[in-house]
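K.L.:
These are the residues of each chain, in order.
There are 4 protein chains.
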Amino acid sequence: MNKKKIFNDPVYGFVTIPTELLFDLIEHPYFQRLRRIQQLGLTSFVYPGALHTRFHHALGAMHLMSLALRSLKDKGVKISAKEGEAAMIAILLHDIGHGPLSHALEHSIFDGVPHEQLSLYLMQRLNTEFDGRLDLAIQIFQGSYPRPFFHQLVSSQLDMDRLDYLNRDSFYTGVQEGRPGADRLIKMLTVVDEKLVLEEKAVYSIENFLVSRRLMYWQVYLHKTVTSAEQMVIRIVQRARDLARSGQEVGASSCLQYFLSRPVSIREFEADDSILQRFVQLDDYDIWGAVKQWATHPDKVLSYMASSILNRHLFKISLQAEPFDEDFKLGVTELIAEHFQLPTNEAALLMLHGRISNNAYDAVGETIDVLTKRGRVVNVAEASDLPNIRALSQRVEKHYLCYPKEIM
Amino acid sequence: MNKKKIFNDPVYGFVTIPTELLFDLIEHPYFQRLRRIQQLGLTSFVYPGALHTRFHHALGAMHLMSLALRSLKDKGVKISAKEGEAAMIAILLHDIGHGPLSHALEHSIFDGVPHEQLSLYLMQRLNTEFDGRLDLAIQIFQGSYPRPFFHQLVSSQLDMDRLDYLNRDSFYTGVQEGRPGADRLIKMLTVVDEKLVLEEKAVYSIENFLVSRRLMYWQVYLHKTVTSAEQMVIRIVQRARDLARSGQEVGASSCLQYFLSRPVSIREFEADDSILQRFVQLDDYDIWGAVKQWATHPDKVLSYMASSILNRHLFKISLQAEPFDEDFKLGVTELIAEHFQLPTNEAALLMLHGRISNNAYDAVGETIDVLTKRGRVVNVAEASDLPNIRALSQRVEKHYLCYPKEIM
Amino acid sequence: MNKKKIFNDPVYGFVTIPTELLFDLIEHPYFQRLRRIQQLGLTSFVYPGALHTRFHHALGAMHLMSLALRSLKDKGVKISAKEGEAAMIAILLHDIGHGPLSHALEHSIFDGVPHEQLSLYLMQRLNTEFDGRLDLAIQIFQGSYPRPFFHQLVSSQLDMDRLDYLNRDSFYTGVQEGRPGADRLIKMLTVVDEKLVLEEKAVYSIENFLVSRRLMYWQVYLHKTVTSAEQMVIRIVQRARDLARSGQEVGASSCLQYFLSRPVSIREFEADDSILQRFVQLDDYDIWGAVKQWATHPDKVLSYMASSILNRHLFKISLQAEPFDEDFKLGVTELIAEHFQLPTNEAALLMLHGRISNNAYDAVGETIDVLTKRGRVVNVAEASDLPNIRALSQRVEKHYLCYPKEIM
Amino acid sequence: MNKKKIFNDPVYGFVTIPTELLFDLIEHPYFQRLRRIQQLGLTSFVYPGALHTRFHHALGAMHLMSLALRSLKDKGVKISAKEGEAAMIAILLHDIGHGPLSHALEHSIFDGVPHEQLSLYLMQRLNTEFDGRLDLAIQIFQGSYPRPFFHQLVSSQLDMDRLDYLNRDSFYTGVQEGRPGADRLIKMLTVVDEKLVLEEKAVYSIENFLVSRRLMYWQVYLHKTVTSAEQMVIRIVQRARDLARSGQEVGASSCLQYFLSRPVSIREFEADDSILQRFVQLDDYDIWGAVKQWATHPDKVLSYMASSILNRHLFKISLQAEPFDEDFKLGVTELIAEHFQLPTNEAALLMLHGRISNNAYDAVGETIDVLTKRGRVVNVAEASDLPNIRALSQRVEKHYLCYPKEIM
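So the sequence lines, in the order shown, correspond to chains V, H, G and W. Mapping to numbering that gives the first Met the number 0: the first sequence position 341 is 340, numbers consecutive. Mapping to numbering that gives the first Met the number 0: the second sequence position 99 is 98, numbers consecutive. Mapping to numbering that gives the first Met the number 0: the third sequence position 366 is 365, numbers consecutive. Mapping to numbering that gives the first Met the number 0: the fourth sequence position 318 is 317, numbers consecutive.
These aren't lab readings, by the way, just hints derived from the structure by calculation. Keep in mind the model is a prediction, meaning the values are calculated, not measured. Each hint should be verified, as a subset may be incorrect.
All copies of an identical chain are treated as equivalent in the list; a pair is satisfied when it fits inside any one copy or across any two copies.
Below, simulated SDA-like cross-link-like pairs (lysine to any residue); rule was C-alpha separation at most 25 Å, straight line [said to hold, decoys possible]:
hint, residue 1, residue 2
1, K328, N344
2, K200, M407
3, K299, A270
4, K74, R389
5, K72, F13
6, K200, K315
7, K194, P145
8, K397, V376
9, K77, V376
10, K200, H398
11, K4, K72
12, K81, H352
13, K372, P342
14, K299, I5
15, K81, S70
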């Protein structure tokens, strides 16, 4: 049977699944689950086209990986068929442990178990199922494979993950300025001492990539209305969880119910396989199905927020450079308490505050490196005539405060 | 407050909401519900980008309507601000009564209540809420307004609905050949005797539009894998409904439960407002949430199909011009019965068969008309040098038969 | 030295030149000349973006050839590196003997020497220069290579030439409906008995391709204003030629002068190398440079037409299904004679008439063939449910008559 | 007669010519001449798709102006129909005085007469022809109209000229990262105290615009191969001019001959109308026609360079931050002298050197201003969290040296 399937991708055109193993992994229920998890969570409240899934993102990243590998091979980098497949598996499965909706829910549903850790568990589970054929992919994913450029293609400041999500997110939001110029960047990749670098002439493309990425952060990922919606959902789930853990009935699908009703530590995940089996049932439908139910829950905080988010009746959000004043927050809480006839401690739950921040380039950690014409490898921020890449590494922070529109 | 909002549409770029009333209708929970109903149902199983919603389609159709109205006004057609707004409302709300997933569920959930009828009910309800400001829009929607071209822009063989869905569906599936050439067609619209016609030079564009539309039918809407998936979901819901109506417990959200457990006629819809209130709670999440639950239901037929669709383990489908032979169907049923250890009557439920058909152009009913240079209005099929538009009006039919892969 | 160059193509993105020989051929002055010959001649008078050259088209066709070869190889068709390069050379050079501006000038400058013949001469000349390394390419170009599918990829009703020019012309004109869907068609190519066929599921794509092509004919290539402009240029060159051959001074570059002042038969081309050397000097700049000079020529017919075309003061054109009446043409000639104060025989030169025609599909000659699921190879026009492909094979003819606007 | 013509623009889709006066100006031979002047001169040697003309650019800039005016009117800025038309005329004609090929030839053909000055002369001439209907447009073009924002839309650091040329140049080169995000920027324009400002949320879009523009400079406009080709053409024309002025015969069209054979000062342009009449004959065809002739000129320097550029046999170019050493240049000259058997003074003509430089943002002159939420108007470089806009205002300079490949 020919498993070399082709699928349509509005972003890249026709995309080929290069090997049978990749095809079988895509068919696996663990991977199919990603069809039910949107890449951008609540963003479609602002950008109604942004409904694409982690499934499609993972396929796209695999496609970019195949282009990057071909480009490197054309430049004489030796890459075996086995290595190539492993790199594609690693990127295909990099998000397989992602929970529903957004990163944000990681903290309200699982007690601080990062999705990368869960991705690794699931890859190991798949490795067992596939008789060890994911060994190399797992090494690449973890960064233990002796040729580090493979890991860098999967996870670094210029990896195929980022290139695909920026491409895809800018495509589906319609924010065309956010396109990272992936084609050109990929053509300029090369390998020096088994590390990933870019040809020197790529500096303008790198700068453009960083600026596009920053634009996507402030225009999309941290858009004020998106932030408000995301914080609302986080609070909704937290409230449901707290009610559940205090013994109240909160309707939810059985797998969501499970995670709401008890804290699950990383150790328990490891020890008890049934927890992972529940986890791989969880998707956006569980969250939205529950939110729909909660819209009529007797708890006023829960039902108010749930019905608000359902009908896109979003909280008003203020942003500022400084943290919000305690007195001001107190005042807001009081207005909420009065308007909704709630005790202060519950009113406080209808005020959401925190901090969003982003730096376009991390010039200190694992940098983006450039190979100069004279053969030196340097951090792109040190390329002489680009003072603004350094400038891009400054972290920008904003404080937000959200509250129901009705109170003012 | 300035309600002239702009939103991003990857298909058209920036789209403006032209009036406050339109803005308020978009904000209404009835319309927000369309965010939770995908335009193409199960199609994303084949075209993973095709996740767009009826919400976005409705906004896009409103946008095309605004372009069409501007184009007509530029040609001297008198259109008042009130008429223009009404036409945009009519197209904005044309699908507001659409049920979850696909057209197909209309028959398994509601007993033959067409969604156009439900759209009309909801428009009337909104009209009451908005103090009669939808009167004119409803006349246009129903076709009772004395200037028929408005209705034709909303509903005809070349309406803004079709132009947007072809544009949007081809964009999100990545089937670029399906683009209808909306820009050019809209520029060539004109009005003669209050009826919509196209300038003669549009004939090639019309032909292209019809061929693109046909291509979309066979390549997307009636794609064999999509057909298989859709028929599976219909059967799943039917099975759940039949179990429910025979008194068995089938988990589902309360609003879906309601419609599963009893037949609701059009008359009851009209008579009992609470039914409509339940209806506007229904969306794709209810269906998918239920399917997830049903994957572990004690009924073997239900759970087998539900878990199959969840993991994209789709039925094999055969297509042919002739109906399938009764003996052949009997044989398939027996194989199913044997493989799944099911009584014949239940095995028969795991075989899906029926007919799909399409004609690209209906040359008999309300035709697409062209204004010749000599001032005559003629059916485009009669334009002299286009024998193939006539050819396009031939209906093509195919018979399908779907069954579990495992049996053969 | 690494000659594996990449160039940017707005139509396809990055395009790689696959071998050194191809690179060297592109660098050759014969091929560089194609930079100075626009693909669509006068079309930019109607579609101002349509300025692309035969140089870019040839590179694009080479790119599509490389995609087609990869697709065929993926399906198991054995293609050696040498064959692949030869096929790419054949398509790269297929138009190398094209004269300036449009096909039309072939008849006014060279006495009926078709450009395919000149392409062959130039390929043979290059073959000598490149020590016989073009042998195989020439066989493929001529159709004498025993594996006919290579020739079909270069020249047939669904060759890479057509796919690229439709893609490119629709892109640069902005007539998006003219896109042929090349990606999908190429993915569906296969080879049976060494002949090119398409998988059966391609029928909708083929139909769409034919309809798009027809649309491009009537909307672009045979657009009435384009036809008028092209006929004007042909007449201008004919007039200059007739003046030159009757001994009058007409300014022109030396190579153009040469061809204006004497008829050159195909035999002379073959016999006298210096003629070919003059030919490869000729490009659009010679024509336009001459037209600019002729705008002030003492011959009234020549200068009127030359200055008219320069300032886009185009002749009015009428189109009709029947030939124009002799009496009507006489009347027009008289009006011209009167208005321009010209003797009748010269006035007749300011009236242009003739016939344009097109059939989207030639169902009789070398057909487009489809491989049915049952393994039969059939003409696409016979595929059962597509009556309109047959309809598309009908030839449509129109008669035109052009004359100066001023006379009526 | 309806002059509201529509034309196709691959960049923007359908573009409407909004008034009859605009239509008549477009039809005028002065404007039609721009069809024969490419926007990017020699750039097509590197980016083969970049063949678009100043004609198309001017139409595109007019289109963006119409969008900008509509956007401002939607925000309540009062703009009369007369002002709107004048602004569109001003942008339509802003380049009407542009000479052939690139800016660079301004210095070799005309002795330092900037094209803006020539544009103004031609606009004044047209104003006479059109009975003073261009008065207001000329005021806007010159910046003397009391509402400065109109002039800023025509000429400033964020004018419609730049937005169109970046859009168009990135489109036709295929350098997609160079897209300036014109749609979004235009939606964010507003007017404060009759000056053009942008809403505060535009800062990311402005940064992206500046970075895109810088990328276009280094990747396209100042690309090393493009620079080499441009400098070659400049030197060719200079050589021909020097030969002509020293009394030697150099073939050229009569209008080019005129400007080669004598220096023409701005004062003479003003005083003698016939000079302007000659100027409006000049276009790219004159230059290329002459280069073709010069390829066989007896002067070795001229013929070597002319035939080199014709066959894209370009000079090698070196770039460095520091000026090139005099000794090095001497050495290169000697190598040239030896290789070509030329006296040193002529050999020196085959070495081209100079400086290219660019700053993405001029933070000192007329700045891009932003309206903060608190109602203050500030230079975008001072917006708090964007240190890199300041960084973008640093000027980057490079020194180049070009010489024939053969010598090394």
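K.L.:
Hint by hint, note whether the structure agrees.
P.N.:
Taking the hints in turn, this is what the structure says about them:
1. Proximity of K328 to N344 under the C-alpha cut-off of 25 Å is restricted to the intra-copy arrangement: shortest distance 13 Å within a copy versus 65 Å between copies.
2. Within a single copy, K200 and M407 get their C-alpha atoms only as close as 54 Å, which misses the 25 Å cut-off; across copies the closest is 24 Å, which meets it.
3. Taking identical chains as interchangeable, the C-alpha atoms of K299 and A270 are never at most 25 Å apart, the minima being 38 Å within one chain and 32 Å between chains.
4. Taking identical chains as interchangeable, the C-alpha atoms of K74 and R389 are never at most 25 Å apart, the minima being 30 Å within one chain and 37 Å between chains.
5. Taking identical chains as interchangeable, the C-alpha atoms of K72 and F13 lie at most 25 Å apart whether they share a chain (22 Å) or sit on different chains (17 Å).
6. For the homomeric pair K200 and K315, the shortest alpha-carbon distance between copies (17 Å) is at most 25 Å, but the shortest distance inside one copy (45 Å) is not.
7. With identical chains, the CA atoms of K194 and P145 are at most 25 Å apart within one copy only, with a shortest distance of 10 Å there and 48 Å across copies.
8. In the homo-oligomer, the alpha carbons of K397 and V376 lie at most 25 Å apart only across protomers (22 Å), although the nearest pairing inside one protomer, at 35 Å, exceeds that limit.
9. For the identical chains of this complex, K77 and V376 are intra-copy neighbours only, at 20 Å inside a copy versus 43 Å across copies, given an alpha-carbon limit of 25 Å.
10. With identical chains, the CA atoms of K200 and H398 are at most 25 Å apart between copies only, with a shortest distance of 16 Å across copies and 38 Å within one.
11. Taking the shortest Cα distances, K4 and K72 sit within 25 Å of each other both inside one copy (23 Å) and across copies (15 Å).
12. For the homomeric pair K81 and H352, neither the shortest alpha-carbon distance inside one copy (48 Å) nor that between copies (44 Å) is at most 25 Å.
13. Taking the shortest Cα distances, K372 and P342 never come within 25 Å of each other, neither inside one copy (68 Å) nor across copies (35 Å).
14. With identical chains, the CA atoms of K299 and I5 are never at most 25 Å apart, being 50 Å at best within one copy and 33 Å at best between copies.
15. Proximity of K81 to S70 under the C-alpha cut-off of 25 Å is found in both arrangements, the shortest distances being 17 Å within a copy and 22 Å between copies.
Comparing the model with each earlier hint shows violations of hints 3, 4, 12, 13, 14; every other hint is respected.
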